[in-house]
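The whole structure should be built from the sequences, with the hints applied where relevant.
These protein sequence lines are chains A and B, in that order.
Counting the first sequence from 1 gives a position; the working numbering is that position plus 23.
Mapping the second sequence onto the working numbering, position 90 (from 1) lands on 87, and the numbers just tick up by one.
Note that these hints are calculated values from the structure, not bench results.
Incorrect hints may appear among the rest.
Quick list of in silico lysine-lysine cross-link-like pairs, DSS-like style, CA-CA up to 25 Å [to be verified]:
{"hint": "1", "chain 1": "B", "residue 1": "9", "chain 2": "A", "residue 2": "221"}
{"hint": "2", "chain 1": "A", "residue 1": "221", "chain 2": "B", "residue 2": "46"}
{"hint": "3", "chain 1": "A", "residue 1": "78", "chain 2": "B", "residue 2": "9"}
{"hint": "4", "chain 1": "A", "residue 1": "74", "chain 2": "A", "residue 2": "52"}
{"hint": "5", "chain 1": "B", "residue 1": "13", "chain 2": "A", "residue 2": "281"}
{"hint": "6", "chain 1": "A", "residue 1": "38", "chain 2": "B", "residue 2": "9"}
{"hint": "7", "chain 1": "B", "residue 1": "81", "chain 2": "A", "residue 2": "52"}
{"hint": "8", "chain 1": "A", "residue 1": "90", "chain 2": "A", "residue 2": "31"}
{"hint": "9", "chain 1": "B", "residue 1": "106", "chain 2": "A", "residue 2": "221"}
{"hint": "10", "chain 1": "B", "residue 1": "19", "chain 2": "A", "residue 2": "294"}
{"hint": "11", "chain 1": "B", "residue 1": "106", "chain 2": "A", "residue 2": "170"}
{"hint": "12", "chain 1": "A", "residue 1": "214", "chain 2": "B", "residue 2": "81"}
{"hint": "13", "chain 1": "A", "residue 1": "281", "chain 2": "A", "residue 2": "294"}
{"hint": "14", "chain 1": "B", "residue 1": "81", "chain 2": "A", "residue 2": "170"}
{"hint": "15", "chain 1": "A", "residue 1": "55", "chain 2": "A", "residue 2": "90"}
{"hint": "16", "chain 1": "B", "residue 1": "106", "chain 2": "A", "residue 2": "214"}
{"hint": "17", "chain 1": "B", "residue 1": "106", "chain 2": "A", "residue 2": "294"}
{"hint": "18", "chain 1": "A", "residue 1": "55", "chain 2": "B", "residue 2": "81"}
{"hint": "19", "chain 1": "A", "residue 1": "221", "chain 2": "B", "residue 2": "13"}
{"hint": "20", "chain 1": "A", "residue 1": "321", "chain 2": "A", "residue 2": "55"}
{"hint": "21", "chain 1": "A", "residue 1": "52", "chain 2": "A", "residue 2": "294"}
{"hint": "22", "chain 1": "B", "residue 1": "4", "chain 2": "A", "residue 2": "31"}
{"hint": "23", "chain 1": "A", "residue 1": "74", "chain 2": "B", "residue 2": "106"}
{"hint": "24", "chain 1": "A", "residue 1": "94", "chain 2": "A", "residue 2": "323"}
Some chain B residues near chain A, calculated using beta-carbon distances under 10 Å [unchecked claim]:
{"hint": "25", "residue": "-1"}
{"hint": "26", "residue": "7"}
{"hint": "27", "residue": "76"}
{"hint": "28", "residue": "80"}
{"hint": "29", "residue": "82"}
{"hint": "30", "residue": "104"}
Bear in mind that the values here come from a model prediction, so they are computed numbers and not experimental data.
Glycine residues also receive a C-beta, built at the ideal position from the N, C-alpha and C atoms.
Here's the letter readout for the chains.
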Amino acid sequence: MLEKKAGKQTSQLQKFPSIIATASIVGPKEGKGPLADYFDQAVDDEFWGEKSWEKAESKFMREVLAKVVSKASMAMDALDFVIAGDLLNQCIAANFGIRESNIPFYGIYGACSTIGEAMQLGAALIEGGFAFNVACLTSSHFCSAEKQFRFPLELGSQRHPTAQWTVTGSGGIILSAEGDGPYITRFTTGKIVDMGIKDQNNMGAAMAPAAADTIYAHFEDTGLSPDYYDMIVTGDLGKVGKRITEDLLSSNGIRISKLLNDCGLMIFDSKQDVHAGGSGCGCAATVFAGFLYDRLKKGKLNRILFVPTGALLSPTSVQQGETIPCIAHAVAIENTKGVNQ
Amino acid sequence: MQHIMTKNDYRKYVDKVSPNSKTVRNTLRAFVVGGFICMIGQFFMNSFKQMGLDQEVTSSLTSIVMIFLGVSLTALNLYDDLGKFAGAGSIVPITGFANAVASPAIEYKSEGYVLGIGARMFLIAGPVLVYGISMSIIAGIFRYLLKH
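Written out as structure tokens, the structure reads:
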């Protein structure tokens, strides 16, 4: 009997891992956005003193790990695991960013949903008694992502209105078996959903069915009603994807328009020329580590359902004419421990 | 979920709710900027002719000057802004071709001179060269056959 499992996809926690610290470092464009005041640091040069975009992205991750550990007032050694991921081939930003830390490491890939995946795995490690402190980190970099997934930066081309802008930045959190909250109370692990979208310039439309599927499963599995939460916040659906998610859920009897927000829409101002909104592993991670954690800590929000979304494509799969498989992982974060049945 | 659309219905629905590019505005901008770039080319061509150079030298010199301008604007981080504004207007002229060769060269410099710049320089312009040269050979064969 699995006493911690609810329905098909949801895990109900009983030890309630606490998020004891967060840290976020972002790039220049994000540092001019509406959430600028909530980030720990905004660097003004995308290279950040390094010789390549990839090296700069690793530095983002390395510095965020150092910062989050120092904000938690703990020694690096006190971490039992680091779980990290990014968008680059073979996850080099994470692998190279973490290599000097000397801590047991899980490198994971869930595209832009990676921070959700990391939080779920970290919470499960603590819940299972395998770890006391776990750091979860992700990063993305506009320039390295453009280089890998699209065109060289200096190429004079136009972007489609449904295209999204990869966030430059890294966000990290530390989960601990002890702490005074906010706590991870339950999570719903997403399934891969592919509704046949091939256009990599419309990732919001590709990811929306995955987001809707996970959110629907969360309420189905837990029996909670959507207004249990103060906010349901998706990762990087952007304008188009957010609207589609609302439509898909409302046709299934779940109305969350008033509660639904999207990190991709929160991190940039519509005047910042980012078309449909922000995206990337760093998008949900920095918005959570910067803004949402602050709101939770100050009691402005008490219960949120955080749903990072990811498009699991590669440049090769796109060139071979494949459709885009997508995923979304939901993590419930609350200021009170609550009771899970 | 209970109500799930078929993939086909979903694609149609996505097309309906996704904003389209502003075609009229983009076409006008492409026309104006593309025309302006060609005017600059024409200015150099006329100037070289006035200097008494013959047709062949004039054409080559004009191309060289335009390529130089395209590459310089790319290196100065300006051509991408022009391209964002003008679209095809700055892609189609020879300056756009220069930009398509120079931009990956800058981007991949971090991977070294051989496997970076050397191997990746024609990432975008390569297909144009392959099919452009192939088509000119086919056209040449037709011309030969028609003449004989």
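Hint by hint, here is what the structure shows:
no.	hint	verdict
1	9/B - 221/A	holds, 13 Å
2	221/A - 46/B	violated, 51 Å
3	78/A - 9/B	violated, 42 Å
4	74/A - 52/A	holds, 20 Å
5	13/B - 281/A	holds, 23 Å
6	38/A - 9/B	violated, 46 Å
7	81/B - 52/A	holds, 18 Å
8	90/A - 31/A	violated, 37 Å
9	106/B - 221/A	violated, 31 Å
10	19/B - 294/A	holds, 17 Å
11	106/B - 170/A	holds, 12 Å
12	214/A - 81/B	violated, 37 Å
13	281/A - 294/A	holds, 23 Å
14	81/B - 170/A	holds, 17 Å
15	55/A - 90/A	holds, 21 Å
16	106/B - 214/A	violated, 39 Å
17	106/B - 294/A	violated, 32 Å
18	55/A - 81/B	holds, 21 Å
19	221/A - 13/B	holds, 16 Å
20	321/A - 55/A	holds, 23 Å
21	52/A - 294/A	holds, 12 Å
22	4/B - 31/A	holds, 24 Å
23	74/A - 106/B	holds, 10 Å
24	94/A - 323/A	holds, 21 Å
25	-1	holds, 6 Å
26	7	holds, 5 Å
27	76	holds, 5 Å
28	80	holds, 2 Å
29	82	holds, 8 Å
30	104	holds, 4 Å
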